[in-house]
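All chains should be built: construct the whole structure from the sequences, respecting the hints.
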Amino acid sequence: MDTLEILGKHLAVDKDGNLVNRSDWNEEIARAIAAQEGIAELTDRHWAVIRAMQKAFDRDGDAPSIRRLTNESGVDVKTLYQLFPKGPAKKAAKIAGLPKPKGCI
Amino acid sequence: MRRLVILGGGTAGTMMLNKFSRVLNEDQWQITVIDDSETHLYQPGFLFIPFGIYGQKDVVKPRREFFPARANVVISGIDRIDADHKRVILEDKSAVDYDYLIVATGAKIRPDQTEGLLDDEWGKSKFDFYTLEGAQRLHQFFESWQGGRLVLNMTEMPIKCPVAPLEFLFLADSYFTARGIRDKVELRLATPLSGAFTKPKATEILGGLLQQKNVKVTPDFGIARVDNERKTIVSYDDVEIPYDVLVSIPTNMGDECIARSGLGDELNYVPTDKETLVSEAHDDIFVIGDAGNLPSSKAGSVAHFQSEILFKNFLDRIDGRPAHARFDGHANCFIESGFGKALLIDFNYGVEPLPGKFPLPGIGPFSLLHETRMNHYGKLAFRWIYWNALIRGVELPIDSKMSMAGKVAA
Ligand SMILES: Cc1cc2nc3c(=O)[nH]c(=O)nc-3n(C[C@H](O)[C@H](O)[C@H](O)COP(=O)(O)OP(=O)(O)OC[C@H]3O[C@@H](n4cnc5c(N)ncnc54)[C@H](O)[C@@H]3O)c2cc1C
Chain L
1 MDTLEILGKH LAVDKDGNLV NRSDWNEEIA RAIAAQEGIA ELTDRHWAVI
51 RAMQKAFDRD GDAPSIRRLT NESGVDVKTL YQLFPKGPAK KAAKIAGLPK
101 PKGCI
Chain U
1 MRRLVILGGG TAGTMMLNKF SRVLNEDQWQ ITVIDDSETH LYQPGFLFIP
51 FGIYGQKDVV KPRREFFPAR ANVVISGIDR IDADHKRVIL EDKSAVDYDY
101 LIVATGAKIR PDQTEGLLDD EWGKSKFDFY TLEGAQRLHQ FFESWQGGRL
151 VLNMTEMPIK CPVAPLEFLF LADSYFTARG IRDKVELRLA TPLSGAFTKP
201 KATEILGGLL QQKNVKVTPD FGIARVDNER KTIVSYDDVE IPYDVLVSIP
251 TNMGDECIAR SGLGDELNYV PTDKETLVSE AHDDIFVIGD AGNLPSSKAG
301 SVAHFQSEIL FKNFLDRIDG RPAHARFDGH ANCFIESGFG KALLIDFNYG
351 VEPLPGKFPL PGIGPFSLLH ETRMNHYGKL AFRWIYWNAL IRGVELPIDS
401 KMSMAGKVAA
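Just so you know, the sequences run in chain order L and U.
Count the first sequence with my numbering and you get residues 1 to 105, in order.
Count the second sequence with my numbering and you get residues 1 to 410, in order.
Hint data in this document are derived by calculation from the structure and do not stem from the laboratory.
None of these values were measured; they are calculated from a predicted model.
Take these hints with a grain of salt, some might be off.
As the list claims (entries may be wrong) - Under the rule of at most 20 Å between Cα atoms (straight-line distance), these lysine to aspartate or glutamate pairs were calculated in the DMTMM-like manner:
| id | chain 1 | residue 1 | chain 2 | residue 2 |
| --- | --- | --- | --- | --- |
| 1 | U | 199 | L | 76 |
| 2 | L | 86 | U | 237 |
| 3 | U | 401 | U | 273 |
| 4 | U | 274 | L | 58 |
| 5 | L | 86 | L | 41 |
| 6 | U | 231 | U | 112 |
| 7 | L | 102 | U | 275 |
| 8 | L | 86 | U | 238 |
| 9 | L | 78 | U | 280 |
| 10 | L | 102 | L | 41 |
| 11 | L | 102 | L | 14 |
| 12 | L | 55 | U | 266 |
| 13 | U | 274 | U | 328 |
| 14 | L | 78 | U | 227 |
| 15 | U | 108 | U | 97 |
| 16 | U | 312 | U | 284 |
| 17 | L | 15 | U | 220 |
| 18 | L | 86 | U | 156 |
| 19 | U | 274 | L | 60 |
| 20 | L | 78 | U | 115 |
| 21 | U | 199 | L | 14 |
| 22 | L | 102 | U | 280 |
| 23 | L | 78 | U | 220 |
| 24 | U | 231 | U | 119 |
| 25 | L | 78 | U | 308 |
| 26 | U | 201 | L | 2 |
| 27 | U | 274 | U | 308 |
| 28 | L | 55 | U | 265 |
| 29 | L | 78 | U | 156 |
| 30 | U | 199 | L | 2 |
| 31 | L | 102 | U | 273 |
| 32 | L | 102 | U | 204 |
| 33 | L | 102 | U | 266 |
| 34 | U | 201 | L | 14 |
| 35 | L | 86 | L | 76 |
| 36 | L | 102 | U | 328 |
| 37 | L | 78 | U | 237 |
| 38 | U | 201 | L | 58 |
Below, the structure written as C-alpha cells:
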C-alpha cells in the first residue's frame, strides 16, 4: 500500500493517490492535499463543492462526475474548472478524501 | 396472458427477445419488442467505415431478420414509460401494457450538448463516427484530404466503447501511412481523462502505443466550446487546440424517452442495481446495455454478459424467487491497433485490464494487452459472431463472469 506524507503523517493512499481511509480526512488535511495539487487556498466556494461531493458519495457510493457535480453543488462547469484546474471531479474528490470517480469507464 | 415488453430492438433488446422466446411458454406469454426503425445497425463496424475497410452493407441489416416469429413487433417511437400504470406510451399516444419491462434503449451521441459543435461545419470540417452517416461523411472527406491537423476530442465520459477513439487514431495512422501522407498529418487526442484510458495498466500500455505511432495527447481537456471562426476547440480552463479536421466523440446520453418518463439521471441513464440489473425505482423493470447507469463499459460484449444475468434473474422473478445472479462488470474488448494487428482487454468492476493470455476453448489463446495478428482476426470475427450468434441469443464459449486464468497480476 502506498502512503502519502501529509503534515508529518504517513497516510494510506490508493493507486490514484487518493486517501484510503476517510477517517484520516479533516479540513487541515484537505488544505494540505489542495496545496500539493497546486491550490493555494480553499475558499468558501471550494468548500461548498467539497461538501457536495462528500454528500453525493455518502448517498451514491461513488464520487460524482463533473456534470452531476454541477447539479449537486450549484456551481457551473466553468467555475469548477477555475476552482479545481485540470479535471475538477478528480481533483475535488482527492481533496475531499474520496476515491476517484468510477463513473467514467 | 402475461406480457413482457422490450424497449429497443438493438444489440441487447434483440438478444433478450431471442433468449426469452425460447423459454417462455407461447400460450402464457406475449413478448413485444418496440423500436423506431426497421434496420439494425452493427455499431462496432462504424469504426472501420472512415477508412474504407467496411461499407454500409457490412453494418446494416433488416431488424426483423433477427426477431423470432412469435415476437409481437411494434415499429414506433417510444414517447415514455408510465411505470405507475405499467404501460408504455407510443409516439401516437397509444398505450402498450406490460407486466414486466426490459429497457434496452441504448445511448446516442448529443453534439447539441457542446457549444458551437453542431453548426454548418458539422459534417464538413467537424465529424463524428458514432453514427453511420457521420462515419460515411468522414470517409468521403478523408478520400480527398491532403493532410493537416486532425484532432480527436472526447467530450465527456462515459461513452460507448471507450477504446473506440484510440482505435480510430491507430487506424488513422495506418491509413494515412498507406496513402503516403502520414508525414503531412498531425494526429492529436484531446481527452478529459488524465491519460489514454481509465485504468492504470491499460493507460500505460495504450499510452505507449499512441506515442510509438506519433499521436500527441492533450490530457485533462474538458471542452467548453468550439470556436468555429478560428477552427479551435477551447477548454473550460482556456487551453486552445487548433484543428483542420475535428473528429468529435460528442456527449453520449440515454434516449429522451427515459427523461420524459422521469426515470433517468442527468445523462438520461436509468439508475439500475449494478449486480441484479433491476431498476432501482421499479422492481418490474429490468435494464440492460447502454441504457443503464452501471459503472461497466458501454459495449456489446458487456451487454452480452449482462444478458445471461438478466435472463436468470427474470426467471427467478416470475417464479417468485429472489434474484440470484450477480453481474460482475465483465468486459472483453478487442482494440484494433492498425497495420493488421489488435490488442485484447478483459476486466470487470474490481479487476483492471491485465496483461497475459486469454484462454478460449477451441480458438484461443489470445494475448492480453499485447498487439498480435490473432487479436485482429478476433476483432474481425466479432462481426460474424455478432450477426450470427450474439444478437440471436446463442450461447458463446465465454463465461459471463470474468476469470483470472492466464492473467498476470500487476
Ligand atoms: C463506433 C462504435 C464502436 C463500437 N465498438 C464496439 C466493439 O468493438 N465491441 C463492443 O462490444 N461494442 C462496441 N460498441 C458498443 C456497442 O455497439 C453498444 O454498446 C451496443 O450496441 C449497445 O446495445 P444496446 O442494445 O444497449 O443499444 P443499441 O444497440 O444502440 O439499441 C438501442 C435501440 O433502441 C432503440 N430506441 C432508442 N430510443 C427509442 C425510442 N424513443 N423509441 C423507439 N426506439 C428507440 C434504437 O432505435 C435502437 O435500436 C461500439 C459502439 C460504437 C458507436
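Verification of the supplied hints:
Taking the CA atoms of residue 199/U and residue 76/L, the gap is about 28 Å. The hint is violated against a cut of 20 Å. For the hint pairing residue 86/L with residue 237/U, the CA-to-CA distance comes to about 7 Å; that is within 20 Å, so the pair holds. For the suggested pair residue 401/U and residue 273/U, the alpha carbons sit about 17 Å apart, so the restraint of at most 20 Å is met. The hinted pair formed by residue 274/U and residue 58/L meets the criterion: a straight-line CA distance of about 17 Å does not exceed 20 Å.
The straight-line distance between the Cα atoms of residue 86/L and residue 41/L is roughly 16 Å, inside the 20 Å bound, and the hint therefore holds. Simply put, residue 231/U and residue 112/U have alpha-carbon atoms about 18 Å apart, close enough for the 20 Å limit, and the pair holds. Note on residue 102/L and residue 275/U: the hinted pairing holds, with a Cα-Cα distance of about 16 Å set against a maximum of 20 Å. Using a Cα cut-off of 20 Å, the hinted pair residue 86/L and residue 238/U holds, with the two alpha carbons roughly 11 Å apart.
For the hint linking residue 78/L to residue 280/U, the alpha-carbon distance of about 32 Å lies beyond 20 Å, and the restraint is violated. Restraint check: the Cα-Cα separation between residue 102/L and residue 41/L comes to about 27 Å, which exceeds 20 Å; the hinted pair is violated. For the hint linking residue 102/L to residue 14/L, the alpha-carbon distance of about 13 Å falls within 20 Å, and the restraint holds. Distance hint between residue 55/L and residue 266/U is fulfilled; the C-alpha atoms sit about 17 Å from each other, no more than 20 Å.
Restraint check: the Cα-Cα separation between residue 274/U and residue 328/U comes to about 8 Å, which is no more than 20 Å; the hinted pair holds. Between the alpha carbons of residue 78/L and residue 227/U the distance comes to roughly 16 Å, so the proposed pair stays at or under 20 Å and holds. For the hint linking residue 108/U to residue 97/U, the alpha-carbon distance of about 26 Å lies beyond 20 Å, and the restraint is violated. Pair hint residue 312/U plus residue 284/U holds up; C-alpha atoms about 14 Å apart against a cutoff of 20 Å.
A distance of roughly 18 Å separates the Cα atoms of residue 15/L and residue 220/U; the hinted pair therefore holds under the 20 Å criterion. This hinted pair checks out: residue 86/L and residue 156/U have alpha carbons roughly 14 Å apart, not beyond 20 Å. Under the criterion of a C-alpha separation no larger than 20 Å, the hint pairing residue 274/U with residue 60/L is consistent with the structure, at around 12 Å. With a C-alpha separation of about 13 Å, the suggested pairing of residue 78/L with residue 115/U holds against the 20 Å cut-off.
Pair hint residue 199/U plus residue 14/L holds up; C-alpha atoms about 13 Å apart against a cutoff of 20 Å. A threshold of 20 Å between alpha carbons decides the hint, and for residue 102/L with residue 280/U the separation of about 19 Å falls inside it, so the pair holds. With a C-alpha separation of about 14 Å, the suggested pairing of residue 78/L with residue 220/U holds against the 20 Å cut-off. With a C-alpha separation of about 12 Å, the suggested pair residue 231/U and residue 119/U falls inside the 20 Å cut-off, and the hint holds.
Of the pairs offered as hints, the one joining residue 78/L and residue 308/U is violated, with about 42 Å between alpha carbons and a cut-off of 20 Å exceeded. A hinted pair counts as satisfied when its Cα atoms are at most 20 Å apart, and residue 201/U with residue 2/L qualifies at roughly 17 Å. At most 20 Å may separate the alpha-carbon atoms for a hinted pair to count; residue 274/U and residue 308/U meet this at roughly 14 Å. For the given pair, residue 55/L sits about 17 Å from residue 265/U by alpha-carbon distance, which is consistent with the 20 Å threshold.
Proximity of residue 78/L to residue 156/U is assessed by CA-CA distance (about 14 Å); at most 20 Å being required, the pair is judged to hold. Annotation: proposed proximity of residue 199/U to residue 2/L holds, straight-line Cα distance about 17 Å (limit 20 Å). For the hint pairing residue 102/L with residue 273/U, the CA-to-CA distance comes to about 15 Å; that is within 20 Å, so the pair holds. Straight-line distance between C-alpha atoms of residue 102/L and residue 204/U comes to about 18 Å, which keeps the hinted pair within the 20 Å bound.
Of the supplied pair hints, the one linking residue 102/L and residue 266/U holds, its CA atoms being roughly 16 Å apart against a limit of 20 Å. A distance of roughly 14 Å separates the Cα atoms of residue 201/U and residue 14/L; the hinted pair therefore holds under the 20 Å criterion. The suggested pairing of residue 86/L with residue 76/L holds, with an alpha-carbon distance near 15 Å, which does not exceed 20 Å. Distance restraint check for residue 102/L and residue 328/U: the Cα-Cα separation of roughly 15 Å lies within the 20 Å cut-off, and the hinted pair is therefore satisfied.
Using a Cα cut-off of 20 Å, the hinted pair residue 78/L and residue 237/U holds, with the two alpha carbons roughly 7 Å apart. A hinted pair counts as satisfied when its Cα atoms are at most 20 Å apart, and residue 201/U with residue 58/L does not qualify at roughly 28 Å.
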